Amino acid sequence: MLTIKSESRGLIAHGVSACAGCGLELAARIILDVLGSNTVIVIPPGCAALFSGYGKETVTKIPGFQGNLESTAAYAAGIKAGFEVQGRGDIQVLGLAGDGATVDIGLQALSGALERGDKILYICYDNEAYMNTGIQGSGSTPLNAWTTTTPGGKSVYRKDMIGIVAAHKIPYAATASVGYVDDFKKKVEKAKAATAEGPAYIHVHAPCPTGWGSKPEHTIEVAKLAVQSLCWPLYEIVNGVNYKITVPVAKPKPVSEYLKLQKRFSGVDAKQVEAMQTAVELDYARLTKK
Amino acid sequence: MSTRVMLDGNGAASEGLRLAKVRVISAYPITPQSPISEKLADFVVQGKLDAKYIRVESEHSAMCCAIGAQLTGVRAGTATSSVGLALMHEVLGVAAGCRVPIVMPVVNRSLVSPWSLWCDHQDAMAERDGGWMQLYAESAQEVLDLILIAYRTAEDARVQLPAMVCLDGFFLSHMSDAVYVPDQATVDAYLPPYVCHNFHLDPGDPVFINNLTPTVDYTEMRYQQAVAFRQAPEVLMEAMADFKKVFGRDYSMIEAYQCDDAEAVIVTLGSMSGTAKYTVDQLRAQGKKVGVLKITSYRPFPAGQIKQALAKVAVVGVMDRSPGYGAQVAPVATEVRAVLGGKPVQGFIAGLGGRDISPATFTKAFEKLLSQEITADVDWVDVKENALTIREVK
Ligand SMILES: Cc1ncc(C[n+]2csc(CCOP(=O)(O)OP(=O)(O)O)c2C)c(N)n1
Ligand code: SF4
Chain A
1 MLTIKSESRG LIAHGVSACA GCGLELAARI ILDVLGSNTV IVIPPGCAAL FSGYGKETVT
61 KIPGFQGNLE STAAYAAGIK AGFEVQGRGD IQVLGLAGDG ATVDIGLQAL SGALERGDKI
121 LYICYDNEAY MNTGIQGSGS TPLNAWTTTT PGGKSVYRKD MIGIVAAHKI PYAATASVGY
181 VDDFKKKVEK AKAATAEGPA YIHVHAPCPT GWGSKPEHTI EVAKLAVQSL CWPLYEIVNG
241 VNYKITVPVA KPKPVSEYLK LQKRFSGVDA KQVEAMQTAV ELDYARLTKK
Chain B
1001 MSTRVMLDGN GAASEGLRLA KVRVISAYPI TPQSPISEKL ADFVVQGKLD AKYIRVESEH
1061 SAMCCAIGAQ LTGVRAGTAT SSVGLALMHE VLGVAAGCRV PIVMPVVNRS LVSPWSLWCD
1121 HQDAMAERDG GWMQLYAESA QEVLDLILIA YRTAEDARVQ LPAMVCLDGF FLSHMSDAVY
1181 VPDQATVDAY LPPYVCHNFH LDPGDPVFIN NLTPTVDYTE MRYQQAVAFR QAPEVLMEAM
1241 ADFKKVFGRD YSMIEAYQCD DAEAVIVTLG SMSGTAKYTV DQLRAQGKKV GVLKITSYRP
1301 FPAGQIKQAL AKVAVVGVMD RSPGYGAQVA PVATEVRAVL GGKPVQGFIA GLGGRDISPA
1361 TFTKAFEKLL SQEITADVDW VDVKENALTI REVK
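In order, the protein sequences belong to chains A and B.
Sequential numbering from 1 applies to the first sequence in our numbering.
Sequential numbering from 1001 applies to the second sequence in our numbering.
Heads up, some of the hints might be wrong.
What the hints assert, rightly or not - Straight-line C-alpha distance at most 16 Å; calculated EDC-like pairs for lysine to aspartate or glutamate: (1) A:K61 to B:E1373; (2) A:K61 to B:D1377; (3) B:K1021 to B:E1255; (4) B:K1312 to B:E1263; (5) B:K1289 to B:E1263; (6) B:K1277 to B:D1242; (7) B:K1288 to B:D1242; (8) A:K56 to B:E1220; (9) A:K215 to A:E257; (10) B:K1245 to B:D1202; (11) A:K56 to B:D1183.
Bear in mind the hints are in silico, worked out from the structure with no lab data behind them.
None of these values were measured; they are calculated from a predicted model.
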């Protein structure tokens, strides 16, 4: 048995076996700080499963369930329904899943829950690959990024997950970044409030030093650069139609600056960088017109 | 008090879930189960069932929703069939391993390929060792009754295992019969509200369920499931005895029909049992000493009871409604052989993809047994002579 010498400050233990500089770990702490203890968490396999704990030990002070890779949203919907029929609908049910578990294999269950209007909060932490199984490409892996299943660099664009979510016209959806903590916290608060009406979804960019080949001490810088280079715009969408940029970028930094802190883009040539630059600028222009 | 109503097997299953007062329903339509999903939706809309109906987008999600809801401490209901059950496979293991005592009607239907909409037992047999109890109904009445019995057993603190109540597609699901539907008060007395005896989700008493489990605990947790299965027969028999006291109908894990002096007996599951009994009556009228042993509880498997019931029978056959590819014989026959030790057990396969197992099929099987021509190979008793040239590609 472990003797607890000092209580952790938040709802997550101090010792979590995430890698040094993990963006997901920061995201998880922020999320639970905002949501508070009247929350039940559902986590699929993936790095977030580190927060379920191991054996008899758990990492969270709130109740949780580790489900299957593809069904975080379905478990969350069932749990919410169970509480609702017992008059305990005030309990916040949170699904916290990686990009693989959301954008790829879990898309069906998530779409079902969003379409039905289940009052759950779903947060996808996007480390842009399957990290827990060893850095394989996902539908959210960006163009040209190296992963073990895109060894020559990914040849296609990432899936517009937030666009897919918005198409369900749910009360609240947003992108967020661990590099912009205040913005992220506000969005979690809004999302929490929105679950009184229906589903809420946040897609948080969470750099992964292990998978991206970035330095652990650069996580926040990398996260900020993604936003400043327009590679990860921060915005929110109310009812699927009202778009609002929450962190406007007046003078964008070049994409190359963001790429150079990461080894996964080391094989990228000048022409590819130019194409990426054009693509993000176009995306941002389209976004600001929405 | 009960009322006698014309119901098919699906109707009986829906009534069973209604009377069990499931609070959350998540079901996805699939032939021949769809009427259960529809009827439960009707019950909720009409106010006959105080439940939340989650219109899920797949069977996989249906099972996940049911597990999630039960983990908060309420009874949840779902039903499925065939490829729907197969799609649930991954999460059926979650219900079993997390000891979530869901009771699920499974309307038995063949698996692909080739596509078939009709009855056999391949779907449930593929799940037979996955940690779910499996009860097989012979009639619509049994469907309703076994659902209530299954709840009593599954939720007992000594068991805590999920249960399938299997009913043959179309033969039971779509065939109308006069069914005694008990009144709610009597059912409530037999089946009290669900009390979760296991880990559950509650912010007031936090625990993390189903996390990564090290080798030092994993075997023991599996062993706990095995012990639950060992305890299940006693609990099941108690539930059946109580059922008889309350509702007057008699159930047991196996039913021996004309077995006492029988020279040859065929072991059956599900709706074929009725045909088998009928055939026995016909053959008995001709002076042939034959009998039927119907297995109601396939999981837990009543090995001792089967052994005892067949102790004096010279020749035994087993009618499997699934092929058991690559095995010596099909699944039920494999287990009956193991139970009976050296005694010859003839494996029969029939009734695949909705083919009727007719009195003629049973007669053929009984004749083979009575002539003592046991073959080591399984006998595909109803296969056509031109089997190998059907849809042959030249
Ligand atoms: C059905 C199924 N297929 C594959 C796996 C193996 N698996 C476990 S975690 C994982 C990757 C998860 O990736 P993601 O959701 O992006 O989370 P991350 O590991 O990056 O945190 C995979 C493929 C699984 N658990 N279940
Ligand atoms: S692999 Fe990446 S996402 Fe996973 S724990 Fe390590 S840093 Fe975090």
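Hints versus structure:
no. : hint               : result
1   : A:K61 to B:E1373   : 67 Å, violated
2   : A:K61 to B:D1377   : 59 Å, violated
3   : B:K1021 to B:E1255 : 29 Å, violated
4   : B:K1312 to B:E1263 : 8 Å, holds
5   : B:K1289 to B:E1263 : 5 Å, holds
6   : B:K1277 to B:D1242 : 26 Å, violated
7   : B:K1288 to B:D1242 : 36 Å, violated
8   : A:K56 to B:E1220   : 13 Å, holds
9   : A:K215 to A:E257   : 15 Å, holds
10  : B:K1245 to B:D1202 : 37 Å, violated
11  : A:K56 to B:D1183   : 45 Å, violated
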